[in-house]
Amino acid sequence: MSLKDTSCVYYAEEDIVSKTSGFHIHTYCWIPNTMLDYLQENNASSAQPKASVFLIHGLHSNTFCEYLEPDPSQNGARRLYSNSIPQLLNEHGFVVFAHDHQGHGKSQGKCKGYFDSMETLVSDTLQLIEWITKEKYPVLKEKPIFLMGCSMGSLVSILLGLKYGSYLRGAVLISPAVSQANNQFGVIGRILKPLSGWVSAWYPTLPVLRLPKNEKFPQLQKSWDNDELNYHGKLRARVGEQFVKTYDELSEKATNFTIPFIMYYGSEDTLVDPKGMQSFFDKAASRDKKVVPLEGRWHILHHEPGKELVREQFLQWIEERC
Numbered sequence: 251m252s253l254k255d256t257s258c259v260y261y262a263e264e265d266i267v268s269k270t271s272g273f274h275i276h277t278y279c280w281i282p283n284t285m286l287d288y289l290q291e292n293n294a295s296s297a298q299p300k301a302s303v304f305l306i307h308g309l310h311s312n313t314f315c316e317y318l319e320p321d322p323s324q325n326g327a328r329r330l331y332s333n334s335i336p337q338l339l340n341e342h343g344f345v346v347f348a349h350d351h352q353g354h355g356k357s358q359g360k361c362k363g364y365f366d367s368m369e370t371l372v373s374d375t376l377q378l379i380e381w382i383t384k385e386k387y388p389v390l391k392e393k394p395i396f397l398m399g400c401s402m403g404s405l406v407s408i409l410l411g412l413k414y415g416s417y418l419r420g421a422v423l424i425s426p427a428v429s430q431a432n433n434q435f436g437v438i439g440r441i442l443k444p445l446s447g448w449v450s451a452w453y454p455t456l457p458v459l460r461l462p463k464n465e466k467f468p469q470l471q472k473s474w475d476n477d478e479l480n481y482h483g484k485l486r487a488r489v490g491e492q493f494v495k496t497y498d499e500l501s502e503k504a505t506n507f508t509i510p511f512i513m514y515y516g517s518e519d520t521l522v523d524p525k526g527m528q529s530f531f532d533k534a535a536s537r538d539k540k541v542v543p544l545e546g547r548w549h550i551l552h553h554e555p556g557k558e559l560v561r562e563q564f565l566q567w568i569e570e571r572c
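Here the sequence shown is numbered in the numbering used here, starting from 251 and rising by one per residue.
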């Protein structure tokens, strides 16, 4: 990441060891300098954060690609803090943390783009939250915790909310991966779906299907393609099987989801079914919930044209719940 634009922010990268897999999980933090004394020394006279926000990235992506801004010197790969979501949150009094999932970004894994189970991702995310709020900066345990995720990152947020909702004040869910898009993988996908359990068991890391590209916004696809930290291969068998399994389970568990959340989805999403996202929203038992369907939009709504309105809205939503 470019550090030239983070002079007012304490930025750090650090590894933790996953309790479930033993892999090194790469973590990130963005903390306004004015809040460091409070976090490190519990100095009550220093500026205090309103809350902690944990950013969770999507499948085959990484934290930088999901939440920073394009850097022309990196062929448009997202490496800039300026005008990014972490900067927006920092400027409004929040401390920001994130990590790369195992097999993604700078984290270790069995191979790129692979994880054994969705539960390991949930466990790693919870481990990061507990490490930050109980060990590294224990004063933060008194502050609200929010999650923000895109696609699979939103799915991890939902699964974490189902199991550990008492930790969380709320979640921002962008294009949550709760239902497979219609005909996402064509004939081959329809043939392989009933066999996913068998293929996953015998050939878990086998690359089987290629995810749809962002044809609606080619420049955003180019930025993704130029990011060397992303996984650019086909969906691996075990990972695909985990999505199929989790989608089926989530259709029954949605009524148990009770934490506050705001959800965004695009009408032209080809990675997640818009009707499936609306169905999850309708089933969720949360008393405090809001859905924002965006006509003519695709999947990475926090980067697509009109992103400013999305960012302003979820910022206000978080601030109102601190």
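Keep in mind that the hints were calculated from the coordinates and are not lab data. Some clues are possibly wrong.
Below 25 Å or equal to it, Euclidean Cα-Cα: the simulated SDA-like pairs (lysine to any residue) are [stated by the list, open to error]: (1) 362 / 384; (2) 525 / 537; (3) 466 / 554; (4) 384 / 415; (5) 384 / 537; (6) 540 / 342; (7) 384 / 525; (8) 391 / 282.
With beta-carbon atoms standing in for the labels, derived distance ranges [stated by the list, open to error]: (9) 558 / 525: 22 to 30 Å; (10) 518 / 262: 35 to 43 Å; (11) 461 / 559: 20 to 28 Å; (12) 263 / 557: 35 to 43 Å; (13) 416 / 295: 26 to 34 Å; (14) 456 / 295: 55 to 63 Å; (15) 461 / 525: 13 to 21 Å; (16) 533 / 494: 35 to 43 Å; (17) 415 / 543: 34 to 42 Å.
Glycine included, every Cβ here is placed at the ideal spot set by N, Cα and C.
Can you give the numbers of the hints that this structure goes against, from lowest to highest?
Result: hints 1, 5, 7, 12, 16 and 17 break, sorted rising.
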